[in-house]
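The lines below spell out each chain.
2 protein chains.
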Amino acid sequence: MSNESDNDLIFKALAHRRRREILDMLKDAPRTTGMLCEAFTDMDRCTVMLHLKVLEDADLVIAKKEGRERWNHLNSLPIKQVHDRWISAYAGHALSILDQLKKDLED
Amino acid sequence: MSNESDNDLIFKALAHRRRREILDMLKDAPRTTGMLCEAFTDMDRCTVMLHLKVLEDADLVIAKKEGRERWNHLNSLPIKQVHDRWISAYAGHALSILDQLKKDLED
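Each protein sequence line maps, in turn, to chains A and B. Numbering-wise (full-length UniProt numbering), the first sequence opens with residue 1 and increments by one. Numbering-wise (full-length UniProt numbering), the second sequence opens with residue 1 and increments by one.
Certain hints may be false.
Copies of the same chain look alike in the list, so a pair counts if it works inside one copy or between any two.
Calculated cross-link-like contacts (lysine to any residue; reagent style SDA-like; alpha-carbon spacing at most 25 Å) [said to hold, decoys possible]:
{"#": "1", "residue 1": "Lys80", "residue 2": "Glu69"}
{"#": "2", "residue 1": "Lys12", "residue 2": "Glu66"}
{"#": "3", "residue 1": "Lys64", "residue 2": "Lys102"}
{"#": "4", "residue 1": "Lys102", "residue 2": "Thr41"}
{"#": "5", "residue 1": "Lys12", "residue 2": "Asp107"}
{"#": "6", "residue 1": "Lys53", "residue 2": "Glu106"}
{"#": "7", "residue 1": "Lys27", "residue 2": "Asp6"}
{"#": "8", "residue 1": "Lys80", "residue 2": "Gly34"}
{"#": "9", "residue 1": "Lys53", "residue 2": "Arg17"}
It should be emphasised that the hints constitute simulated quantities derived from the structure, not laboratory data.
Could you put the whole structure together from the sequences, leaning on the hints where they help?
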């Protein structure tokens, strides 16, 4: 995630819940495009492939061809970088304070 | 971040680079709306307030009134939850493998 254009792609990709569901599935294990199509029966193959393209453009999915199959891997590095941008090394401490502030404001 | 509708709001909010810049500024310290308007001289007050509203709807900014001033605080809890959704406790190890895979694919 070298610049803001990359970030635009990342958040555009994450903004669609079906793409988040695809990432959820890839978190468990890499899947072929065929496996993903079977898992999401309510989407046709073209739609799944379009979602994968958006995820790949954002570098959230890395595809690796093996023979005739295309294995899709989750790349969580951009997500880690999003985290590191706004959550410092003192995250645990800061988050506790913010969590308390949130509760105070909600009371 | 209890459900996917909350996530829609979070990624919509993060999708705009000016809003990411506002969060960058709030990471350093809470700011009043006036301070943010002074920092972003190329945006008028209404635009800054609209961006803050989107961030607040996504729970990424928590506003606290003190007298006539409105202090905006970064709430990084949703960002931590995004991280935790796709990066497991074994993150360090997994990220190393993925990082290597990425390098292999790029070579």
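Of all the hints given earlier, name the ones this structure violates by number, lowest first.
Going through the list in order, the structure violates hints 1, 2, 4, 5 and 8 and respects the others.
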